[in-house]
Structures are given as C-alpha cells and as structure tokens.
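Q: The residues making up each chain are set out below.
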Amino acid sequence: MRESARETYANLSPVKPVVEVVDLHKSFGALEVLKGVSFDVQEGDVLSVIGASGSGKSTLLRCLNHLEQPTSGEIYIAGEPMGFRISKGRRRADSQANISRMRMEIGMVFQQFNLWPHMTVLGNVMEAPERVRGLSAAEAREVAIFFLDKVGLLDKRDEYPARLSGGQQQRVAIARALAMRPKVMLFDEATSSLDPELTGEVLDVMRALADDGMTMMVVTHEMGFAREVSDRVIFLHNGLIEEEGPPAELFERPRSERLRQFLSKILH
Amino acid sequence: MGILSRTITNNFDKLLAGLAVTLEVSVIAFVVAVSLGLTLCFVRMYVKPLRWPAILAIEFGRNTPIYVQLMWVNYVWPDLFGWPTSVFTAGWTALAVQSSGYLAETFRAGIEGVRRGQWEAAYSLGMSPALTMRRIVLRQVAVTMSPSIMNQFLVVVKSSTLVSVIAVPDLMYQALRLTSIWFEPIEILSVTAFLYIAVVFVLSNMIKRYTDRLRLRYT
Amino acid sequence: MSLENLRLALDVSVFWEYRRLLLAGLAVNFYVFALAAVLAIALGFPACLLRLHRWRPLQWLGTGYAEFFRNTPEYVFLIWVHFVLPLLISALIATKVNFPPLLSAVLALGFSYSGYFTETFRAGILAVPRGHLEAGRALGMPRRLILWRITLPQAARQMLPEAMNQLVSLFKATSIISLITVPDIMYQVVQITSTEMKPLPLYSSAAFVYFLVIFAMSTLVRWVTEGWRTRGWA
Numbered sequence: 000m001r002e003s004a005r006e007t008y009a010n011l012s013p014v015k016p017v018v019e020v021v022d023l024h025k026s027f028g029a030l031e032v033l034k035g036v037s038f039d040v041q042e043g044d045v046l047s048v049i050g051a052s053g054s055g056k057s058t059l060l061r062c063l064n065h066l067e068q069p070t071s072g073e074i075y076i077a078g079e080p081m082g083f084r085i086s087k088g089r090r091r092a093d094s095q096a097n098i099s100r101m102r103m104e105i106g107m108v109f110q111q112f113n114l115w116p117h118m119t120v121l122g123n124v125m126e127a128p129e130r131v132r133g134l135s136a137a138e139a140r141e142v143a144i145f146f147l148d149k150v151g152l153l154d155k156r157d158e159y160p161a162r163l164s165g166g167q168q169q170r171v172a173i174a175r176a177l178a179m180r181p182k183v184m185l186f187d188e189a190t191s192s193l194d195p196e197l198t199g200e201v202l203d204v205m206r207a208l209a210d211d212g213m214t215m216m217v218v219t220h221e222m223g224f225a226r227e228v229s230d231r232v233i234f235l236h237n238g239l240i241e242e243e244g245p246p247a248e249l250f251e252r253p254r255s256e257r258l259r260q261f262l263s264k265i266l267h
Numbered sequence: 000m001g002i003l004s005r006t007i008t009n010n011f012d013k014l015l016a017g018l019a020v021t022l023e024v025s026v027i028a029f030v031v032a033v034s035l036g037l038t039l040c041f042v043r044m045y046v047k048p049l050r051w052p053a054i055l056a057i058e059f060g061r062n063t064p065i066y067v068q069l070m071w072v073n074y075v076w077p078d079l080f081g082w083p084t085s086v087f088t089a090g091w092t093a094l095a096v097q098s099s100g101y102l103a104e105t106f107r108a109g110i111e112g113v114r115r116g117q118w119e120a121a122y123s124l125g126m127s128p129a130l131t132m133r134r135i136v137l138r139q140v141a142v143t144m145s146p147s148i149m150n151q152f153l154v155v156v157k158s159s160t161l162v163s164v165i166a167v168p169d170l171m172y173q174a175l176r177l178t179s180i181w182f183e184p185i186e187i188l189s190v191t192a193f194l195y196i197a198v199v200f201v202l203s204n205m206i207k208r209y210t211d212r213l214r215l216r217y218t
Numbered sequence: 000m001s002l003e004n005l006r007l008a009l010d011v012s013v014f015w016e017y018r019r020l021l022l023a024g025l026a027v028n029f030y031v032f033a034l035a036a037v038l039a040i041a042l043g044f045p046a047c048l049l050r051l052h053r054w055r056p057l058q059w060l061g062t063g064y065a066e067f068f069r070n071t072p073e074y075v076f077l078i079w080v081h082f083v084l085p086l087l088i089s090a091l092i093a094t095k096v097n098f099p100p101l102l103s104a105v106l107a108l109g110f111s112y113s114g115y116f117t118e119t120f121r122a123g124i125l126a127v128p129r130g131h132l133e134a135g136r137a138l139g140m141p142r143r144l145i146l147w148r149i150t151l152p153q154a155a156r157q158m159l160p161e162a163m164n165q166l167v168s169l170f171k172a173t174s175i176i177s178l179i180t181v182p183d184i185m186y187q188v189v190q191i192t193s194t195e196m197k198p199l200p201l202y203s204s205a206a207f208v209y210f211l212v213i214f215a216m217s218t219l220v221r222w223v224t225e226g227w228r229t230r231g232w233a
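Residue numbers (numbering that gives the first Met the number 0), protein chains in the order written: chain A, 0 to 267; chain B, 0 to 218; chain C, 0 to 233.
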C-alpha cells in the first residue's frame, strides 16, 4: 500500500512519534482480529484504548512489542521498524537480536502480573537491567531500588512475590518494566485481575507516571482513569478504530452509535 | 552387641565399604542422568531433525528394566563401542540410561508447565529466548519438579543393588560374598536389608524436607 | 565401533532359533506379574485404609507398612525372602522349609509393590473433593455408605492412571526374578548365552522384546487415561 507512509507522517509533524502503527492487520488462522488499524502516539501522550472483549485491544498492544506477529501492516517504535526490515525493496522478518533490543525500549505490564516466583521482588526488578542492559549488579540494584521506591514498595524488596497482594505484585511489575527506562509503557488491562479495593493503588501509580511525562498506551476498562488521565482515547470495535479523540469529546459527545451503546453498558 | 553375630562385627567394615561404592555409583549415575536427561529434553523439544532419535532414546530408557539394560550395557556395548571398559562404569552407565529417559520427560513436563506469561514478561523486557530459558524457566522447573527429580535419585539407589550382578563391589555384592563365605544368611542379609532401608529412608526424609522448604518459599 | 559386531548384535536368527524357549520365559514373566499384581493390590488396599484410619496407632501401622516396602530395594527383598525367610520359618516350626523360586518371586514383588499401591490408593481417595463427602454427611448418610457409594467410585477413577503405571512398573520389576533361578526370559538368555556364546544378539533381542512389551503396555495406559481425562473421568 503506502511504502512511504512514514514520509507522510514525517512531513506532517517534525517530531517523530514514539509509536506509529500503519494499517495493522492480525489474523489468528481464519479469524481476523485486527482489520486495518492506524494511529500514532507522540512523546508524553497517554493513549487509552477501550472497547468490548474480543475487539482486539490486547492483540493490538501485543503487536507493538512483537509478542504477536502482525499479518500485515507496519509498526514503528521511535522511527525504527518493529519485527521487520526492508532490504532491497523486500520486506523480511527481523532478527531475534534486533527484536529483543527494541523490546528494551518498550515496557509492558500484563493483566496477570507475571512476576517470576523464584526471585525476590528486588531480584525481579534487577534482572533485566543487569542481564539485558548489562549493568553491574550494584548499578542494577540502585536502579531497582529507585523504581521500587517510586511505586512505594521499597520495604518489600526482599519478599517473594507469593507473599504480596495482587495490587502490590502489579506495582512491582510496573517497577520492573520502568527499570529498563523504556520510551513507552504498555498497560494490558493492568487492573482487570485485581480485587476492586486494590485497583486504586495501581491506578495511582499509573497516574503519577503519566504526570511525570511517560508515553503510555493503556488498554483498560477503567473509564474513570481513561477520562481523567488520557490525552486521547481510541474506541476499538471489531478490529477497527470506530472513534478516536480527546476523552472529553468521546465520553461526553460520542459520535458513533456503537460507542454510545458501549458506554451505556459500562457506565450505568 | 548380643544380637549381631561375630561375623557381622568383624566384617562390618567390608559392608560399609560396599555401601560407599553403592553411594558412589548412584551419585555418578544421577549426575550423568540429569545432564543427559536435560540434553535429551532439549534435543527432543527444539532440535527438529533429531526429534525422533531423541524420543527413541528416551522411550528406550523408560521402557526397559534396569537389569536388562545392565546386561546389555555390560556385555554388548564393549563389543559394539569398545566401551565401557570396567564393570563400575557399566554400572553407572546403565543406571544413567535408565533415569535419563524418565528425567527427560520430567524436564519436558516442567518446561511445558511454566505459564506462557513468564516467558512473555521476560521477552517484553528484551531477554532473549536462551536467557529466558536459563534464568527464568529452568529455575522454575527445578523448583516445581524437584520432588520428581530427587525421587529419581532414590530410584537410582534402589536400582543400584543390581550392579552386584556384574560384580561391582557394592553393598549387595559384599553381603552376598560374605554369605557365601560364612553361611550366616539370616544375620548378614537382614543387616544388609536394614542398611539399605535406613539409607533410603534417611535420604527420602532429607529430600522431603528440602522440597517442602522450596515449595513453601516460592508459592 | 565394529560393523561386524553390529551385524552380530542384530542377528535375529539366533533369537528365532530359540524363540520357543525365550517366549516361554516371557510367559513366566507374565505369570509372576499377574500373581504379584493381585497380591500387591490385595495387600495395598487394606494397608491404605489403615493409613487413613482415624485411630492414630493404626495410622502409624499403615504408614510404617508402606514406608518399609517403598524404601526397600526389590532385589534385596527378593534375596531376603528366598534365602532368609525359609530359614526363619524353619526355625519357628522345627522343619526344614524351602521356598520354590516362583513363590519367593511372587511374595517378594507382591509385598514390595503393595507399599506403592498403598500410596496410590491413598492419593486417589484423598483426591475426592471434600465437598462431596460433606454433602453426603449433610444428607445424613452413615460413614460406611459414604465410603462405598461416594468415595470409592470416584477414588477408583482418580487412582486408575497411577495404578496402571505402577502395574507397568511391576512388570518391569519381574526382570530380576531370573536371579533366583525363576525360568523367565532373562534366565533363558543367560543359559543360552553360556552354551552358544553369542551374547550380542541374545541380550539385544531380550532388551528389544522387553522394550516392545513395556512400550506397548505404557502406550496403552497412556491412551486409555488420556481418553478418560478428556472425558472428565480422571
């Protein structure tokens, strides 16, 4: 389609977006989950993605750090193609080494936390800075302590994840992702697995992160958070962007019928 | 000691020497089995062209009795491969062949049992598949599968009694030899049985306490 | 690695020549296996009930029984049963007693594996969800009825896969009975080897035969239990 979509974007804005998605398609076998999604995220933006289950929100996020391989379309992280290279006019799959390197700049927080149970909290946060970025153990520990303190869990650093509550585990997961100092943070329904009284502490951390200027993409069902913290909201329906815009517009004056139905179901 | 005969008290050192050989052959066999089992597991899971040979090796180890393997390794291998050259080596080799099949499957079950999210979290932080396997997955497998793995050591110790048949001077060999010399089977064999039971029981308890501690810490 | 020796090792003609004797030996393995299995299950079940009894001393008895036989190497126990037990009984009843090898084999393997079965049965019974038993009690069912109609039928399904694995294990264990001169397949192989001096093909064939039989058994077990699991039975 448009080989020079990037050039189009570059002409429009002099500052390169942190995330660029161009006509993204993803099928699982015969089922097409993403049917042509395009958008970009500028530095410091907080972009929320809302939509019904099965609309493709998680899949979209997981394509960004190549946990899912797109069927077609292009993804650029800080201007660099994700998961593919163009050489001699042909597109081929990128090397594992390159993909791993680019993933260092993308932080992801999962719905199931996915903390490693055989390491302490501190160990979890230190692991990637030490083994992937190549920091010394002392440096990695410093970074880990800094971010554990930021999420308010420094006192739990020598505990094993099994001893922590869901909210605490998720905050550790956020610290673990932050410790790599990524350019963008992806949140895949970060509070959906938590008991209601524990979601607050995680949302507070996310809010503080946004206030600090972190570029974030948040897939969420927490409409309050989406409305208050996002710069832009995308409503995904059946694998396509049905509507997008500033939260005030989307939530108060939804234009599409489907979005109206969705909001009435969620917000009654 | 009134219940133990002269024969036993005079020859107890020989029995203990036999016990030392038993433990020696068992430990060597187990260490080799773990390495071999891990290798077979990886080859089976990740080296496509060698998948069926690996499966064959694993299934052979699991589906043939230790005594049969012992005979085969001791009498056939030297003519086929020129090795093993001593009965002691044949002993631990056969025991290792036995256990490596079982351990390969144990490792595989463990690796497949690690939730996808654990891998994905590592990948999302930029860890390579090899690094993830080493630091994240295998460590968890070691914890979750530790009862099975350590239990296999007990199996090796119990199976090691058969190496006496190919004249490896283990505890059983010493006991049978003493019996044929001194003709006091009741005392000698009962003491031997008791020694074996005691060793296995003590090891089994140690293993249980260790694996319980692991489980407690991480879950 | 000698190619000549490899050819010798794979020389099935020796095996074919002696197939009657060897297969007769295998039949003996099956025979001992069947008897020992019956004994092991018959002993393991009451031992399991002891282990799960409310009265502590009986519990210890059951546990002691299981632990004793699980921690004893089969070969050691086999030798002991064949050589020591007859002497003890002789001393007791003041008559010379000798065990025929077959009897020793069945007794030794039967008692040995009853220890494993105790654990297998126990695991099966404990796997029955507590809620089912409590529902029975809430309905006023007497304990014996709960045991028979609720616990055991479900426990049976839970324990069958593991029990079948134990039986395959027991069959593997019958390979050692040749060591007390029971005429099983390994005994025949050793005999023939001593006269024919052809260890390579015979030992290889024995290994292969065992492999085929046991592989078939364990594949069958796997296939059956997979079927149960997918249908939600076990």
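Since the hints were made in silico from the structure, they are not lab data. You may find that some hints are simply not true.
[To be verified] Keeping only pairs whose Cα atoms sit at most 20 Å apart, straight-line, the calculated EDC-like set for lysine to aspartate or glutamate is:
no. : chain 1 : residue 1 : chain 2 : residue 2
1   : A       : Lys15     : A       : Asp44
2   : C       : Lys197    : C       : Glu3
3   : B       : Lys13     : B       : Glu119
4   : B       : Lys207    : C       : Glu118
5   : C       : Lys95     : B       : Glu183
6   : A       : Lys182    : A       : Glu31
7   : B       : Lys47     : B       : Glu119
8   : C       : Lys95     : B       : Glu186
9   : C       : Lys197    : B       : Glu111
10  : A       : Lys149    : A       : Asp211
11  : A       : Lys182    : A       : Glu104
12  : A       : Lys182    : B       : Glu119
13  : B       : Lys47     : B       : Glu58
14  : B       : Lys207    : C       : Glu66
15  : A       : Lys149    : A       : Glu200
16  : A       : Lys182    : A       : Asp154
17  : A       : Lys34     : A       : Glu200
18  : A       : Lys15     : A       : Glu67
Q: Could you work out which earlier hints the structure fails to respect and list their numbers in ascending sequence?
A: 3, 6, 7, 9, 16, 17, 18
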